[in-house]
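If you're matching them up, the sequences are chains A and B in order.
By numbering that gives the first Met the number 0, the letter at position 90 of the first sequence is numbered 89, and the numbering carries on one by one without gaps.
By numbering that gives the first Met the number 0, the letter at position 325 of the second sequence is numbered 324, and the numbering carries on one by one without gaps.
Simulated from the structure, these hints should not be mistaken for lab results.
Chain B stretches covered by chain A per the calculated footprint, using a threshold of three residues with CB under 8 Å from any CB of chain A:
{"id": "1", "segment": "25-32"}
{"id": "2", "segment": "292-300"}
{"id": "3", "segment": "314-324"}
Sample of chain A residues at the chain B side, in silico, Cβ under 7 Å:
{"id": "4", "residue": "G37"}
{"id": "5", "residue": "D38"}
{"id": "6", "residue": "F41"}
{"id": "7", "residue": "E61"}
We treat Cβ as the ideally placed atom computed from N, Cα and C, and that holds for glycine.
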Amino acid sequence: MSFEIPEDCRFLESHEWARAENGTVRVGISDFAQDELGDIVFVELPGEGDAVARGEDFGVIESIKAVSDLYTPVSGTVAAANDDLVDAPELVNDDPYGDGWMIEVDPDDESELDDLLSPDEYEAQID
Amino acid sequence: MPQRETPLHDAHADSGASFTDFGGWDMPVEFDSIRTEHAAVRESAGKFDVSHMGEIAVSGPDAAALMQRLVTNDVERLDPGEALYAAIVDPKGIMLDDTIVYRPPEEGNHDWLFVPNAGHDGEMYDRWQSHRDEWGLDATVENVTESYGMIALQGPDSESLLAAETDADLAALGHNDHVFADVAGVESMVARGGYTGEDGFELLVPWDEAGTVWSALDCQPCGLGARDTLRLEMGFLLSGQEFDPESEPRTPYEAGIGWTVALDTPFVGRDALERVDAEGVAEELVGVEMIDRGIPRHGYDLRIPGGDDVGHLTSGTMSPTLGRGIGLGYVGVDHADPGTEVRVVVRGEPKKARITVPPFLDR
Numbered sequence: 000m001s002f003e004i005p006e007d008c009r010f011l012e013s014h015e016w017a018r019a020e021n022g023t024v025r026v027g028i029s030d031f032a033q034d035e036l037g038d039i040v041f042v043e044l045p046g047e048g049d050a051v052a053r054g055e056d057f058g059v060i061e062s063i064k065a066v067s068d069l070y071t072p073v074s075g076t077v078a079a080a081n082d083d084l085v086d087a088p089e090l091v092n093d094d095p096y097g098d099g100w101m102i103e104v105d106p107d108d109e110s111e112l113d114d115l116l117s118p119d120e121y122e123a124q125i126d
Numbered sequence: 000m001p002q003r004e005t006p007l008h009d010a011h012a013d014s015g016a017s018f019t020d021f022g023g024w025d026m027p028v029e030f031d032s033i034r035t036e037h038a039a040v041r042e043s044a045g046k047f048d049v050s051h052m053g054e055i056a057v058s059g060p061d062a063a064a065l066m067q068r069l070v071t072n073d074v075e076r077l078d079p080g081e082a083l084y085a086a087i088v089d090p091k092g093i094m095l096d097d098t099i100v101y102r103p104p105e106e107g108n109h110d111w112l113f114v115p116n117a118g119h120d121g122e123m124y125d126r127w128q129s130h131r132d133e134w135g136l137d138a139t140v141e142n143v144t145e146s147y148g149m150i151a152l153q154g155p156d157s158e159s160l161l162a163a164e165t166d167a168d169l170a171a172l173g174h175n176d177h178v179f180a181d182v183a184g185v186e187s188m189v190a191r192g193g194y195t196g197e198d199g200f201e202l203l204v205p206w207d208e209a210g211t212v213w214s215a216l217d218c219q220p221c222g223l224g225a226r227d228t229l230r231l232e233m234g235f236l237l238s239g240q241e242f243d244p245e246s247e248p249r250t251p252y253e254a255g256i257g258w259t260v261a262l263d264t265p266f267v268g269r270d271a272l273e274r275v276d277a278e279g280v281a282e283e284l285v286g287v288e289m290i291d292r293g294i295p296r297h298g299y300d301l302r303i304p305g306g307d308d309v310g311h312l313t314s315g316t317m318s319p320t321l322g323r324g325i326g327l328g329y330v331g332v333d334h335a336d337p338g339t340e341v342r343v344v345v346r347g348e349p350k351k352a353r354i355t356v357p358p359f360l361d362r
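Starting from the given sequences, assemble the full structure and let the hints guide the process.
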């Protein structure tokens, strides 16, 4: 089975992706992660203006079978959270890099992205 | 200890299933998605490999007496071809396991057959042997768990699907009734019943021929994930969660299966259970349905609004059929009335829920 790994994303070993977009960093979980979790039924996210710290958890995701923490790829302030996931958590299964995004972070230091796994490195990890 | 594998293990791996350890067995948890598998069973049909369930065979002149003295229900009222649900309890009345006891038709190899939960077969085999010896009964006890594969076919289309593969008179087979019949050319024991709340059958087949029967059943393969969501919607107990001699010691009365206790039979634990029946229980198993968003899970506390903890959950999930969180748990009897509002403590946050009487679905 092969999983989508977009070239414009960087990754945490814990399967979150981060993508720089016009000064903010959008965050979600990878195609591999949503497949491992299975049917996603609940996502708990921080509110706009909350501080998030790199490497610490920013939320919780639940599938039918499991509960997992979500980890922050870059430190900063939450600029937006994807409210669509409240009523439609399955968007994370359907479109993990698109409509299934989770938060946008106004980063303290965008160069932290360089410390994350490249698409090739992430592909090697999940292979 | 190496993990045990069912006769269908490699076939499941080839079909891309994901696996988990369950009771010492490496079992498929998901073939496609829990939602897809769950819906297939509620709407049409699905098949489960349940070969991890134990099978203990008991035969001989005193076999009926041995069975009667080690399970809570009255097995001597069974005619050949009938079965019943029972608990297995210790001298204090604490549940060690729950089981289906079959009295197979007379042409079978065994006088009695019972099905302990996954990983309990060794313990129950020892229990039956040691009590037989202690009581000086004339009976043989065999652990035949790895002689038989077991396949559950569940869902409203089960009868028509199975009818295409067997000459057995399925329409004449009532709940828990069973017959010997060929299924896809394989000599099988066909029992009506299951663990999903839907119509269905459990097929006991020779270990080496399980693959033939599995492939012949043309429907959605389902894993333990869907098995759990389906049984939870019906409020069926799961060994190790709703009862466990170590982590959740409960009598059948607390667990809501007092109807399996035949106090007029002479089983181990009877006197203790007679006292419980007379005195009543302090806590009982209830259903919990979420009002707030949130998913109840094993181990979460139950609290009265603004007040004290009054119990805890033993199982929980998002119900795929209802689209809301459901769970089972124990609460003090003062808080067990259906409709009582409680809080489920999810990661420190009290979330609104109400007490119900399972099943969560009408079936």
